[in-house]
Structure formats: C-alpha cells, structure tokens
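Q: So you can see what is in the structure, the chains are spelled out below.
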Amino acid sequence: MVFLIRVQLREDYSNLIFYLSPLVAVALTLFFGSFIFFILDLSPIESFKIFFISPISNSYGISELFVKATPLAIIALGLSYCFKNNIYNIGAEGQLTMGAIFGGGIGLLFNDSTSVFLLPLMILFGAIGGAFWATIPAILKTKFNTNEILTSLMLTYVALFILDYFVVGPWKDPAGYGLPKSMPFPDAGRLPVLIDGLRVHIGVYFALIICLLTYIIFNKTLFGFKLRVTGLSSKASQYAGFKYKNLIFYTFIISGASAGLAGLFEVSGPIGLLYRDISPNYGFTAIIVAFLGRLNPFGIILSSLLIALTYLGAEDAQLFLKIPSAVGFVFQGLVLFFLLGTDFLNKYKVFIK
Amino acid sequence: MQSIVEFKNIFKSYPGVIANDDVSFNIEEQSIHAILGENGAGKSTLVKILYGHVKPDSGEILINSDLAIINSPSTAKNLGINMVFQHFSLFESLTVAENLILGMNENISLTKLKDKSKTICDKYGFNLNLNSPISSLSVGQRQSVEIVRSLLNNPKILIMDEPTSVLTPDEISKLFKIIKNLVKDGLTVIFISHKLEEIINLSDYVTIMRNGKVVSTISTQNENPETLGYKMLGYKVSEVKHESNINFSQEIFNIKNLSTQSKDPFTINLNKIDLSLKKGQIFGIAGVAGNGQKELMEILLNENDYEFSGDIFFKDLNINNLSTFQRKSLSISYVTEERLGHSAVPEMSLSENIFLSMNHKSEFKKGDFINFEKINSYASDVIKNFNVDTPSYHVKAGKLSGGNLQKFIIGREIMSNPQLLILSQPTWGIDAGSEAFIKKTIVELSQKGVSIIIISHDLDELLEVCHQISVLYEGSLSNPLNVEDINIAKLGKYMGGLFD
Numbered sequence: 000m001v002f003l004i005r006v007q008l009r010e011d012y013s014n015l016i017f018y019l020s021p022l023v024a025v026a027l028t029l030f031f032g033s034f035i036f037f038i039l040d041l042s043p044i045e046s047f048k049i050f051f052i053s054p055i056s057n058s059y060g061i062s063e064l065f066v067k068a069t070p071l072a073i074i075a076l077g078l079s080y081c082f083k084n085n086i087y088n089i090g091a092e093g094q095l096t097m098g099a100i101f102g103g104g105i106g107l108l109f110n111d112s113t114s115v116f117l118l119p120l121m122i123l124f125g126a127i128g129g130a131f132w133a134t135i136p137a138i139l140k141t142k143f144n145t146n147e148i149l150t151s152l153m154l155t156y157v158a159l160f161i162l163d164y165f166v167v168g169p170w171k172d173p174a175g176y177g178l179p180k181s182m183p184f185p186d187a188g189r190l191p192v193l194i195d196g197l198r199v200h201i202g203v204y205f206a207l208i209i210c211l212l213t214y215i216i217f218n219k220t221l222f223g224f225k226l227r228v229t230g231l232s233s234k235a236s237q238y239a240g241f242k243y244k245n246l247i248f249y250t251f252i253i254s255g256a257s258a259g260l261a262g263l264f265e266v267s268g269p270i271g272l273l274y275r276d277i278s279p280n281y282g283f284t285a286i287i288v289a290f291l292g293r294l295n296p297f298g299i300i301l302s303s304l305l306i307a308l309t310y311l312g313a314e315d316a317q318l319f320l321k322i323p324s325a326v327g328f329v330f331q332g333l334v335l336f337f338l339l340g341t342d343f344l345n346k347y348k349v350f351i352k
Numbered sequence: 000m001q002s003i004v005e006f007k008n009i010f011k012s013y014p015g016v017i018a019n020d021d022v023s024f025n026i027e028e029q030s031i032h033a034i035l036g037e038n039g040a041g042k043s044t045l046v047k048i049l050y051g052h053v054k055p056d057s058g059e060i061l062i063n064s065d066l067a068i069i070n071s072p073s074t075a076k077n078l079g080i081n082m083v084f085q086h087f088s089l090f091e092s093l094t095v096a097e098n099l100i101l102g103m104n105e106n107i108s109l110t111k112l113k114d115k116s117k118t119i120c121d122k123y124g125f126n127l128n129l130n131s132p133i134s135s136l137s138v139g140q141r142q143s144v145e146i147v148r149s150l151l152n153n154p155k156i157l158i159m160d161e162p163t164s165v166l167t168p169d170e171i172s173k174l175f176k177i178i179k180n181l182v183k184d185g186l187t188v189i190f191i192s193h194k195l196e197e198i199i200n201l202s203d204y205v206t207i208m209r210n211g212k213v214v215s216t217i218s219t220q221n222e223n224p225e226t227l228g229y230k231m232l233g234y235k236v237s238e239v240k241h242e243s244n245i246n247f248s249q250e251i252f253n254i255k256n257l258s259t260q261s262k263d264p265f266t267i268n269l270n271k272i273d274l275s276l277k278k279g280q281i282f283g284i285a286g287v288a289g290n291g292q293k294e295l296m297e298i299l300l301n302e303n304d305y306e307f308s309g310d311i312f313f314k315d316l317n318i319n320n321l322s323t324f325q326r327k328s329l330s331i332s333y334v335t336e337e338r339l340g341h342s343a344v345p346e347m348s349l350s351e352n353i354f355l356s357m358n359h360k361s362e363f364k365k366g367d368f369i370n371f372e373k374i375n376s377y378a379s380d381v382i383k384n385f386n387v388d389t390p391s392y393h394v395k396a397g398k399l400s401g402g403n404l405q406k407f408i409i410g411r412e413i414m415s416n417p418q419l420l421i422l423s424q425p426t427w428g429i430d431a432g433s434e435a436f437i438k439k440t441i442v443e444l445s446q447k448g449v450s451i452i453i454i455s456h457d458l459d460e461l462l463e464v465c466h467q468i469s470v471l472y473e474g475s476l477s478n479p480l481n482v483e484d485i486n487i488a489k490l491g492k493y494m495g496g497l498f499d
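Residue numbers (numbering that gives the first Met the number 0), protein chains in the order written: chain P, 0 to 352; chain R, 0 to 499.
Because the hints were derived from the structure by calculation, they are not lab data.
Think of the CB as a built atom: it goes at the ideal place given N, C-alpha and C, for glycine as much as any other residue.
Hints may contain errors.
[As the list claims (entries may be wrong)] Distance condition first, Cα-Cα at most 30 Å in a straight line; then the derived DSSO-like pairs of lysine-lysine: (1) K293/R to K242/P; (2) K76/R to K113/R; (3) K255/R to K278/R; (4) K365/R to K278/R; (5) K242/P to K439/R; (6) K83/P to K48/P; (7) K293/R to K234/P; (8) K314/R to K360/R; (9) K314/R to K438/R; (10) K7/R to K76/R; (11) K7/R to K244/P; (12) K395/R to K244/P; (13) K117/R to K83/P; (14) K219/P to K383/R; (15) K244/P to K293/R.
[Stated by the list, open to error] Label-pair distances were calculated between CB atoms; the ranges are: (16) N245/P to S376/R: 28 to 34 Å; (17) L8/P to E91/R: 54 to 60 Å; (18) L3/P to E337/R: 30 to 36 Å; (19) T110/R to F30/P: 52 to 58 Å; (20) V394/R to L8/P: 55 to 61 Å; (21) V394/R to K348/P: 24 to 30 Å.
Given only the sequences and the hints, what does the whole structure look like? Please build it.
A: Printed below as a string of structure tokens:
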C-alpha cells in the first residue's frame, strides 16, 4: 500500500499557538517520557517525582538549578540574535570553550593577584575569546560563502583540542599529580557566590541583565529592527538598505561573546580551574533552550530553567533509579523533536491519502 | 492536413483571475504552432492543461479527433505529448545518460538507452557527450538534454515553453534547424513565445492570446512583426489626460551607456542603456516582462551590488557606487514590483513598515533607538491622505488587500518628499479603484516637480500617465517616444525589438 502525504502551507497560521506550542511540546515530552520509564519497569509517577520534583525540593537543589540554568540562558540569549537573523551558529560550545581559555588564561597568568580588577578582566577576556572564535565562521561566510553551520560546528572540536593542549601541556598544574588540569584560580579570580555554602553565583544577575538588554534591543532599537526584518524577509532587508554582511558579523560576535562569558563563569564559578570537561554540552543544549523559548528573551529564561531541570533530574535518576544519566539528553531531544513537530503542524496542513 | 490537437471551450479560473476563457482552436499535424501573448495572457496555463499538469474547469481536448482525458503528465506521455519546460529539471551531478534514463517510462538498460540517444543526437545534430555530468554543460546543451529526453519517448507532440529565452542567437538558430527537421520527420511542435520575429521565422501558425481569450489563430505567412505586435497588444490609444507640451528643462536623472555582462543564464544582459529624465517628467519603460526590467530595477536600487559598466547620475552626482541607503538619503524613492516580502514585510505592522523604508531619516530615530511616536503619526498621515482602508497602523501589512497595501507603500514614499520616484508595476494585480487613485496621485506628483520612472508591462497605464515612453527589449532600451507622437504600429514594432 502506498501512502501519499501532501503538505500544504497554512494561509494564516496562529500566533497564539506559536507561543503555546512549547507547552504542548513539554506535555508530550512528559507523556512519552513516562512511557520510557514504563518500559524500563519503573513506576512513571515515582520516577517523575525523582526526575522533576525531588531535585528542586531543597535550597541546595534550587541553587543547583540556577547554576545550570545560568550558562544555558546566557548562551541561548546570545544565540537568539543569530537565529532571529536566520544565521545558524551551532558552535556555541566551542565559543564557550574559547571564552574559558581566554578568561581562565588571565586568571592563571596573574595567579598571585589579589586585585579586585582581576575578575572583571577575566570576564572581559572570556567574552573576547568567545567573540574571537565566533568571528571565524562569520569571516568564512561573508568572504567565501561557506555554510556557517558546518564551520561553527567544526570549530567547536578545534577549540576543545586547544583546551586539551593547554591543560595537559603548558598550563598543567605541577602539583596536580599529572592530572590534565590547571592550577586553581586565585580567590580574586573566583566568581562570588550569592549565598554562602551554595554554588549559585552572580552569573544569575548577568543572565537577567542580558535578558532585559536583549528585550530592549529587539524591540526598541534600529539594530533589533534590522535583525527582525532580515529574519522575516531578506529582500525587504535589502530594500531597506540594511547590510546583511555586517549583521552576520554583529550577531556572531554577540552570540560568541555570550557563550564565552558563560564559559568563563563556569570555570571561575563552580569549577575554579581549567580542565578537560568544563561543559556538559551547554553550548549545544542552549540551541534547544533558545528555540523552546521562542527566541523571546523572557521565554528563554523560562526554558533555561526547564532544561536545567533535566540535567539535575538525570543526575538523580542515575543515583536513585539506576538508569544512565543520558536519559536527560533523551528528554532534551524529545522536547526539541516535539517542538519542531508542533511548529511544523502549526505552519502546514498535512493530508494523508 | 488533419488536426492533431483540438482545444474545445477550455475554461480555467484561479481565484481572482480567469486564466483561460473559452479557449478553442486546432493544431495541424506536422506543423509548428506558436502561442503568442503577453505575460499573464494564459499561454502557460493552456499548455499545462494539455500536458496534464493543470486540470481545466471545463472544456475538452481532442487528440486525433478522439476525446482525451489527460489527468497527469504520464497520461500525456502515453498519448505522445511531451513538454520541455522553461526551467530545466536535471540532476546536476549525474551524467547526461543517467538523466536521460530517469525520464524513461519503460525499463531499458543504460547501454541500450545510450545507443538510442546516440542515434537521435547524430540524426538531428545535438552535440552531446552522454557521459559528461550536467554541471559541465552550457545552458544550450542542457536544453538539448531535455529535448533528447522528450524525443526518447517517441512523442507525436512536443510542447516547448519559451525555449529561446535562455539561448544565445547562435544556439537559437541551431535549435530552429533541429525543430524544423523534427517536424519534417512527423513531429508537431507547440511553441510558446512572446518574441514576434522568432514566431514569424519559425512557426507555420500562430494563436494569439490576450487576457485568457484567443484573439485569433492565423498563418504566419502574411504577417510581419508589426502586424503581429498590433494583434498581441490589441491596443487602442487612450486619451492622454495631462498637459503634454510642457517644456522640461532641468535634468534630474541620467543613465549613460549602462551595460551588464552577467554569465548567469537566467538573467538578461543590459545593452548600452541611455536615459535622461527631466524635473517633473514621467518616463515609462515599456516592454514584455523578462526583457531586462528586473535587472534594470536591481541596478537602480543597488540592492545586490550588481556589476555594470556605464554611469548613473542624479543631479550631476555620479551614484554608481552609492548604496541603497545612500541613494534613499539623496531623496530617491523606490516601489518594487513585489509588495509582500520586498517593499513591505507582511508579518510586521504598518508602522514598522514605515520605518522599513524610512530608516535613513534621522527624525524617526533617537540615537540608536526607534522613535515610534513620530513613525506612528507618519503612518496615520499616510493612511489618511492615501485612503488606505485599515482600522489602525498596528495592523500587519500582510492583512491588507493588494490595492490598499500598494496605496500605503506609494503613500509612504511620496510623503517623504522624494525628488525621484522609481516605480515597478505600480498597479499590477490591484483593484480598479486603487489603480485610478494611484495613477491620479502619480500625475499630481509630477506636477509638483517630482520626476518619476515607471517600469510596467501595462501599456495602457503608461500611455495614460507618462510624458515619454521607451521600450525595453532583450536588454536594449529604445529611443524615447513622446506619448503624443505614439502610434500603435510604431509601438508594436518597438515591442518586437525593431528599433535602432
């Protein structure tokens, strides 16, 4: 039997559904997630409790939620500039790594400093490192018309190897028993925590400030207007006289700097030194966060909290349910899948003959 | 001779437009039959119906006097009808032979197919290497692949949709020789074109269509481009409503020796265009679509850094290298052919669409911020002064009807006090009321001293509002004709490319 599937663009697709579809996607994820628990012979309700509720049922858990959500939100906010402009920067993980190397490098260079200026300098260099790494795909795209998805993704692995080189080579801690890690940063290079004894740090403030700035830039400024027009219609953007090549540079630099900032916050905050695995794929997961938040700055804050919860839930699930923590990635994948699905069905009608 | 195809009362409508209105005519066996008409006359719809690509609302097609129900291109192929489209459908990375076998209905081995193709190529003089990848072929050779692919199905009838539009003169004469040989061997060729000379040189009969209707089907023997052009346009000169003998003196805009040398086969190269526009003058650029209008407009806007030689002057200032933004700042305004997605963003509000075109004006900005108050009041003025039917400026541009949106866009540009306004197809596809309003506005604007260029396929419109008209034909622009001196015979000749 042959099924013919016909797809037709909807004349007037709903804006309301556009903003509701993340909720539908989350609901579907929970439903199919419980199905996964069911086949694993676990009680869905019990598992849900362990996955989604117990991780944030105490102050430590809530602090950890913010620790995970902060880098996700900062990176996703930066990425939203690119995505609004129809530029697909997939290499935030590499830009994050470069930010950690640049900013962390400053911390190691002045490792006996007690100056209050050390941390701001590290933050600055973290942003510069990420922006620098993001400029490469921007140059390649504007000069040679390369596909930025490929180049930015490939550069991620280059950045990871550069970090590898430093932590097993020149920056290896001489007192570190030969482990591939650097010396710890001096206290002046550590990000202040918000509450003593918990890990939640001032990066949270940065995330909120970036969120507000992004909202203002998108809605009130000429630059934000250029991004919106270009994302909606490249021909109208030419008609308006906007220079697309400049916009590519600006958006790459903004998203790279954000990712670099997040990388620096990770190493100077919770981690405190440089080593191989500084990020559990925050740079990639932030892509899901950005789209789940509908590229809306406030939406991104909410979705970063939700996705952060899947990280925490996965850790608890490994501990208490004895299932691999990769189940967290399964949940992230499900959310993205259902989100793309609901978006597709909102935009197109599907007929099966 | 006997008719191989008979169209009987074909009727096909799309929302808002009747593409084929009671179309009936016959095509003789073993003839070359041209279908002539302006863009939108219904030629393509008709052949797509014959090829089973489009279903008619009513009417019949007889093939060899038998009623044929053609539901799909494969039914058409079984009836011996094949079609070569204007845009090729070939796989670039596959070889010629591989592309040929993909078009076959029957099962055939690649070696057998190569033998068969080789015979056809040798017989008719197609110069094709069956093992080269398509990506290495010229446009003319690609077309040969398409034709050979059709011939492999042993067609009785071959439809060719504007086959010469992408070919060089040399390739065209080669193609015509091949077509004539094919017809000698029994094929019937249906040939769509709007190029008058070609039709007279190549075809035996021509059916002229206008606004979806058949004007007449005649033998080309006693026709010349002038008479044919006259029939295609079906034109009666309308009254010119404005003062025609104004003395225009001050030159505002000037194009000197503008040429392009693009290698892209789907663009028309412009050839030594000269144009001079005076203050307060309305200048029309007429011509059938696809003769370089798009390219000329692109250069005038400079949206894509289109490469050209020659010079463009605005008030003695060479603007060759000025960006769109800089040209707008010099008070040159543009209205493009496409409304949605080019001169307006459908998803954005009317206010935002004001800013789209007016972002070079400092009054709408406060530093890097947008001054929405000023923009909103400008938007309400446009809506009021130009009779735009909309509840508010918060409405998204995509929600407006074509005529309303066009009034809004033209109003937006006019209210910015341009010195030069360039319009492409300003009344294309809009209601009669809006059309009349826009024409009136344009004439009034010129009386205030604004210079205007209108690029349009609509001759009526140009003759009604312009002071001077030139015809664009295959990238060349004719000498300007004063509207009061225009006679239809001359215009028909010019539309067919017969000017110096």
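Q: Out of the numbered hints, which ones does the structure contradict?
A: As far as the earlier hints go, 4, 5, 6, 11, 13, 17 and 20 are violated by this structure, in ascending order.
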